[in-house]
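**Q** Here's the letter readout for the chains.
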Amino acid sequence: MSNAAALNRYLAGVEQRAFRMARYAVSDADEAMDIVQDAILTLARKYAMKPEAEWPPLFFRILRNRIMDFHRRKRIQRGIFAMFTPRDRYDDTNPIDLVSDGRALEPEFRTQLDATTQRLEVAVTQLPARQREAFLLRAWEGLDVAATARAMRCSEGSVKTHYSRAVHTLRERLGDDWP
Amino acid sequence: MNGDDRRSDVEFVDRARAVLDAGSLAPDLAERLAAARRRAVASADVPIPRAPSAWVPVSALATTLLTVGLTVAIDHGGTPPLDDDVQIATVEDMDLLMDLEFVAWLDTDNLDAG
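Protein sequence lines, in the order shown, are assigned to chains X and B.
Using our numbering, the letters of the first sequence map in sequence onto residues 33 to 211.
Using our numbering, the letters of the second sequence map in sequence onto residues 7 to 120.
There could be a bad hint or two in this list.
Taking beta-carbon pairs under 7 Å as the criterion, some of the chain X residues facing chain B (in silico) [unchecked claim]: (1) Ala171; (2) Trp172; (3) Gly189.
Examples of chain B residues toward chain X, derived with CB under 7 Å [unchecked claim]: (4) Arg12; (5) Arg13; (6) Asp15; (7) Val19; (8) Gly29; (9) Leu31; (10) Leu39; (11) Ala46.
These are computed hints drawn from the structure, not numbers from a lab.
Being a predicted model, the structure only gives us computed values, none of them experimental.
Beta carbons: idealized from backbone N, C-alpha and C, even for Gly.
Starting from the given sequences, assemble the full structure and let the hints guide the process.
**A** Shown next as structure tokens:
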């Protein structure tokens, strides 16, 4: 199989999950679409020559960087706006922690999901950003600890901590009756 | 964390994965992603991996043999020995070259003197 076919196969398998992860993080379908398309293009143009095994951490690192860029732009926009308004809760917050709460899932998107999925997605969206990343990359994307650490640019110990906290938070919020 | 907690964490994660996998995108979103992927793959500079040339091991072997041969020769004789004829020819060539230079100098000197 040529590298182009392998790249196509990899991206086809990951693109929808990547879109949903981006959507959990940025709360806007169009923004999430732009972010994922940019990540796909960057992987194809810059890293297609890399060994196939390196694509997952590279792709999710690119995706994460694009999400952080989005939050930085938003923060700057808010900063400009804030010159004329009182300081808000975002002032001392890390850009990547500026994730939305339960409002993130737009109404038309929610209707496509059943109640079980809705509850989980809202709970995932409400996690702190690092916990959400660790949970989605480990539990959903299936990356091992080392690959998750490369994608998140942190130590393997941090991945384990974020992941463990995410699982406990989700179990606590969803309760014993889920699903 | 005891064994029961760990087991229930694993079961929870398995359920969560199954629920997340069951979710799907609207067809128009899925098609936009697929189109972006096709454009990206088409624009990627992805050469087909080639097997190494058969000459690579042959040239590597030849280089190794040459290196070993020269090393052994140097160990036994100081500098690599040259054939006597080659040495003589080289010395004679140098003499001939000096003679030619001398004649050329004489010609130049004569012209200047004249």
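**Q** Checking against the hints above, which ones are violated?
**A** 3, 4 and 5
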